[in-house]
Amino acid sequence: MKPLALIAVLMTGILLLYGTIDMPNWGDPDSPASIHVSPRYIEKTVEETAVPNVVTSALADYRGYDTLGETVVIFTAAMACILLIRRPRK
Amino acid sequence: MTLPFPILIIIVPLITAFFIPIVGWWRRGLCYPLVIVALSVSVVSSIAILHMVGEQGTIRYYLGSWDPPWGIEYVIDHLNAFMAVIVSAISLLVAISSKRSVERELPQKIVYFYCLFLLQVTGLLGIVVTGDMFNLYVFLEIASLAGYALIAIGEDGAPFASFNYMIYGTIGACFYLLSVGYLYVVTGSLNMADLSTILPRLYHSKVVLMAFAFFIVGVGLKMALFPLHVWLPDAYTYAPSAVSALVAPLMTKVGAYVLIRIIFTVFKPSFSVAVIPATTILSWVAIIAILFGCILALGQTDLKRMLAYVLIAEVGYIALGVGLANKAGLTGAILHILNDALMMACLFLVVGAILYKVGLRNVHQFRYLHRKMPITMAAFTITALSVIGIPPTCGFFSKWYLVLGAISAGRWLFTAILLLSSLLNAILFFRVIENVYFEPADAHHGGGHEEISIDEAPLSMLIPILIVTAGILSLGILSGKIISSIIEFAVPPGL
Amino acid sequence: MELIISKYNYWVYIILMMIGFYAMIGKRNLVKKLVGMNIFQTAIILYFVSTGAKRGATIPIVEHGHGEVAHAIQAAHYVNPLPHVLMLTAIVVMVSTFGVALAIIIMLYRRYNTLEEDEILELRK
Amino acid sequence: MIAHLEDVIIQTVCRILIPFIQVYGLYVIAHGHHSPGGGFQGGVILGAGFILFCVAYDINEAKRRLSEKLDTVFCSLGLIIYSGIGFTCLVLGGNYLNYSRLGRILPVDPVNARSLGILGIEIGVGITVMAVMVSIFLDLVSRGKHEEGLG
Chain A
1 MKPLALIAVL
11 MTGILLLYGT
21 IDMPNWGDPD
31 SPASIHVSPR
41 YIEKTVEETA
51 VPNVVTSALA
61 DYRGYDTLGE
71 TVVIFTAAMA
81 CILLIRRPRK
Chain B
91 MTLPFPILII
101 IVPLITAFFI
111 PIVGWWRRGL
121 CYPLVIVALS
131 VSVVSSIAIL
141 HMVGEQGTIR
151 YYLGSWDPPW
161 GIEYVIDHLN
171 AFMAVIVSAI
181 SLLVAISSKR
191 SVERELPQKI
201 VYFYCLFLLQ
211 VTGLLGIVVT
221 GDMFNLYVFL
231 EIASLAGYAL
241 IAIGEDGAPF
251 ASFNYMIYGT
261 IGACFYLLSV
271 GYLYVVTGSL
281 NMADLSTILP
291 RLYHSKVVLM
301 AFAFFIVGVG
311 LKMALFPLHV
321 WLPDAYTYAP
331 SAVSALVAPL
341 MTKVGAYVLI
351 RIIFTVFKPS
361 FSVAVIPATT
371 ILSWVAIIAI
381 LFGCILALGQ
391 TDLKRMLAYV
401 LIAEVGYIAL
411 GVGLANKAGL
421 TGAILHILND
431 ALMMACLFLV
441 VGAILYKVGL
451 RNVHQFRYLH
461 RKMPITMAAF
471 TITALSVIGI
481 PPTCGFFSKW
491 YLVLGAISAG
501 RWLFTAILLL
511 SSLLNAILFF
521 RVIENVYFEP
531 ADAHHGGGHE
541 EISIDEAPLS
551 MLIPILIVTA
561 GILSLGILSG
571 KIISSIIEFA
581 VPPGL
Chain C
586 MELIISKYNY
596 WVYIILMMIG
606 FYAMIGKRNL
616 VKKLVGMNIF
626 QTAIILYFVS
636 TGAKRGATIP
646 IVEHGHGEVA
656 HAIQAAHYVN
666 PLPHVLMLTA
676 IVVMVSTFGV
686 ALAIIIMLYR
696 RYNTLEEDEI
706 LELRK
Chain D
711 MIAHLEDVII
721 QTVCRILIPF
731 IQVYGLYVIA
741 HGHHSPGGGF
751 QGGVILGAGF
761 ILFCVAYDIN
771 EAKRRLSEKL
781 DTVFCSLGLI
791 IYSGIGFTCL
801 VLGGNYLNYS
811 RLGRILPVDP
821 VNARSLGILG
831 IEIGVGITVM
841 AVMVSIFLDL
851 VSRGKHEEGL
861 G
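Chains as they are written, first to last, in the working numbering: chain A, 1 to 90; chain B, 91 to 585; chain C, 586 to 710; chain D, 711 to 861.
No wet-lab data here; the hints were simulated from the structure.
Any given hint might turn out to be false.
Said to hold, decoys possible - Pair ranges (Cβ atoms, derived):
| no. | chain 1 | residue 1 | chain 2 | residue 2 | range |
| --- | --- | --- | --- | --- | --- |
| 1 | B | Pro197 | A | Glu47 | 53 to 61 Å |
| 2 | D | Ser777 | A | Leu6 | 44 to 52 Å |
| 3 | B | Gly500 | A | Ala8 | 33 to 41 Å |
| 4 | B | Pro197 | A | Ala8 | 22 to 30 Å |
| 5 | A | Leu6 | C | Glu707 | 23 to 31 Å |
| 6 | C | Leu631 | B | Ser155 | 28 to 36 Å |
From the three backbone atoms N, C-alpha and C, an ideal C-beta is built for every residue, glycine too.
From just these sequences and the hints, can you work out the full model?
Below, the structure written as C-alpha cells:
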C-alpha cells in the first residue's frame, strides 16, 4: 500500500508544480489577484463601512455570509462532539 | 411584497437548527415537529422559486446588497431551482420517516441528531443555491462535517467507516479549495459568473488546466465517482438507517450538480470539450463506474451494501450523461439526478422500514416478507423496476435519454454497456424479489404455510415510502412535461 | 533557476502539502493520519496567504486620522486582504474537522482499544 | 488518571490571571475595527481563559460556573444574534445581512450603521466561538463523562 501512496503523492506534487509555472511571482504588486477585486476593499472600506481594518470589514460586511457559514461550521463541530462522545450521567 | 425566497430556503432551516438545542432542553418532543415545519417552509419556498424562475428567468440575490464580484450573490436558474426542490423535498420525506428509527436507535441524543440533520440539509441547500465559489466550499464543509458525525453514530463498524469517509472527504474538499485558490491567483475573482467571463482568455494557461483537473478530482471524491468511491460502501452500510436514507440520495447528487456547474458554467463547454478531452475521459470513467458498480453489487448479500454499490453505478450514469456533452446526454443526466434521488430515497427508506420492523439485512432471509410487509415490498418492487428501467417508471426515461445521447455521440460501446447494466440490475433485483415473493423449490414438501399476520411498518415510515413511489410512477409519466418546462432550459447552452 | 527563485513560495507549499498528503494516505496509525491532515490543510493556508503578499506593502489596516482630510489610499500600499479573509474560514474549518476527527478517534479507542488501522479491521470482522 | 493535586500555587496564580485573560479577550473582540482581531480570535482567548480554569481546578468546579446546559445555550445564542441581525436587516427592507438598513432603527447614518452591524456580528461570533471551544474541550478531555474529571 505504501509504494502506491508514494506514487500518488509524487504524481500530485508534479501536477501541482506544473500548474505553478504560469503563476505570478511572489509578492509582485500587479498580479491579477491584487488588481481585479481587492483594490475596492482597500480604497472604499473607510468610506463605506467606517472600519479601518480592511480584513474585518471584508470578513463581516463584504463577505459577511461566508463568516455566517464559518460560524455554523464551528457550531456543527460542537454539536457533533456532543452527539458522538457525551455520555449521559448514568 | 414578494418574500425573499432565495434566502428563505437556507435561513429558515438554519435558524431552526440553532433553536433546536435550546428547545430540546426545554421540551424534547418539540424537536421533531420543528424540523418538519422548517423543511416544509424550505420546500414551499423552493417550489415558489422554481415558479418565479420559470417566469422571470435567472434570479440574482445579492447578500448584503453588494454587487457581484465584491459581495456574495445567489444565482438561481432552472438547474439550481430544480436541484433545490429535489433536495428539500427528499429531506422533508426522510425527516418524516426518521422519527421512529431515531427514537429506537438513539434514545437520548434525538435533540442533537435533529440539529445535525437540519445542518446537513442546510449545507446541501447552500451548495445548490450559491453563485460564489468560496461560499460553495463553506457550505460543502458544513454538509460533509454534519455527514461525518451522523454516519459515525451508526452500528459497530460506523466510527471507522466515518473516519475513512472523513479522510477522503477532507482530501476532496481541500482539492476543491486548492483549485479555487489556483483560479483566484490567475483571475482575482471568486464569483462564478465573473470567472466565466475572465477565464476564456486564460484557457491555455497551465494554472487553469491544473485548477480544472483538481476540481474534477475533488468533486469526484465528494461524488464517489468510480476510482474515488472507496469510502462509500462502508460509510452508507454502517450508517443509521435514517442517515443513510438522507445521505445516499442527496450527497452524491449535489456533487454531480457541482460537477455540471464547473464543467459547463464556470468553464465554458468550449474548454471542457475542445481544449482538453475532459468530457471523454469522464465518460470512460463513468462507463467503468457503471460496470464496476453493477458487478460488485451482484456479490453482496447485505441489502444496504448492495444498494451502496448500485448507488455507485447510478453516479456512473450521471457522469456518463455529463461526459457525453450533448443535449440528449445532459438532459438524461439532469433527469437521472431527479430519478435517482427518488429511487435511492425509496430503496433506503424501505431498507430502514425492514430493519426497523424485522431487523433482517441478509437478502436470503427475506422469505415471506411480502406477507408481513405487503406495501413496503410492493414499493420495493416498483422502485426495483425503475432502477432496471421498465417504461412506466421514471428510471426508463432517463436511461432512454442517456442511450439517445450515446447514439447521437456515435458511441456504440456506451449504448451496449448501458443496456448490459440494465440487464445486470435486472439480475440483481430479481434475485431479491425472488427470495421475497416465491418459495424456494425445496420448501414444497412442507405442510401449509404457517399463518403470518400482516405486520406493516409504522405509518410515519409508510407514508413517505408511498409518496416517493407515487413520485416515481407519476414522474415517469410526466417526464416529458418536466423536460419541456424545466430541463430544456437547465441544459447549459453551447452544447 | 530564475523560476525557482522568484516563485519559491509555491515550492514550499507544495513540499509541505505532499508530506501531509503522504502521511494521510500512507500511514497506518489513525493519529498520524490526522497529523498529516493538519499539515495538508496548513499548506493550503500558506499558499493562499502567500498569494496576497505585495512587495513593500503594510498590513491591511488603513491609517486615517480622525477629521483631517484622509490622503488618497492606494491599493498598492496595502496587502491584499481577501486571502486573509478566506483563510480565517479555512482555519476554522480545519479546527472543526480536527475536533470531529478526535471525537471519532475517542469512540474508536473506546470500542477497539487500539488506533492501528489493520488491528481495527481485524477486530471489526 | 492524573492524581489531582490541590496545588495552591497554580490555583492562586490562575485565580489572579484569568480575569485579565478575559478582559484581554473582550478587548480583542471590541477592537476588531482598528487593530488586528475580531470575533474568532477574541472568542478563542475567552475560551482559553475558561479552559485554564478547568485545568487549574477540577471540571466539576468549572461546571458549577458554566453548566453544560448554559454552554449549549451560549453556542446557539451567538449564532442567533448573528442571524438575528441579518434577519432584522431583511425585515427593514434590505437584502439579508445588509447593515446599512439598521440605520433606520439606530440613530446613525447608514455608513456607521454598517460599522455597528459589524460590531454586533463580532460579538455574536465571539460568544459562539467561546462556548464551542469550551464544549469541545470538555467533551474531548473527559471522554464524555464529565463527572470523572480530566485525563
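To see whether the hints hold, each was checked on the structure:
Take B/Pro197 and A/Glu47: their Cβ atoms lie about 57 Å apart, and the range 53 to 61 Å holds. Judged by the Cβ atoms, the range 44 to 52 Å given for D/Ser777 and A/Leu6 holds: they are separated by roughly 50 Å. At roughly 34 Å, the beta carbons of B/Gly500 and A/Ala8 sit within the given window of 33 to 41 Å. Separation of B/Pro197 from A/Ala8 is about 43 Å and departs from the stated range, judged on CB atoms against 22 to 30 Å.
The supplied range of 23 to 31 Å is met by A/Leu6 and C/Glu707, whose beta-carbon atoms lie about 25 Å from each other. The beta-carbon spacing between C/Leu631 and B/Ser155, approximately 34 Å, falls within the hinted interval of 28 to 36 Å.
Checked against the numbered hints above, the structure breaks only hint 4 and satisfies the rest.
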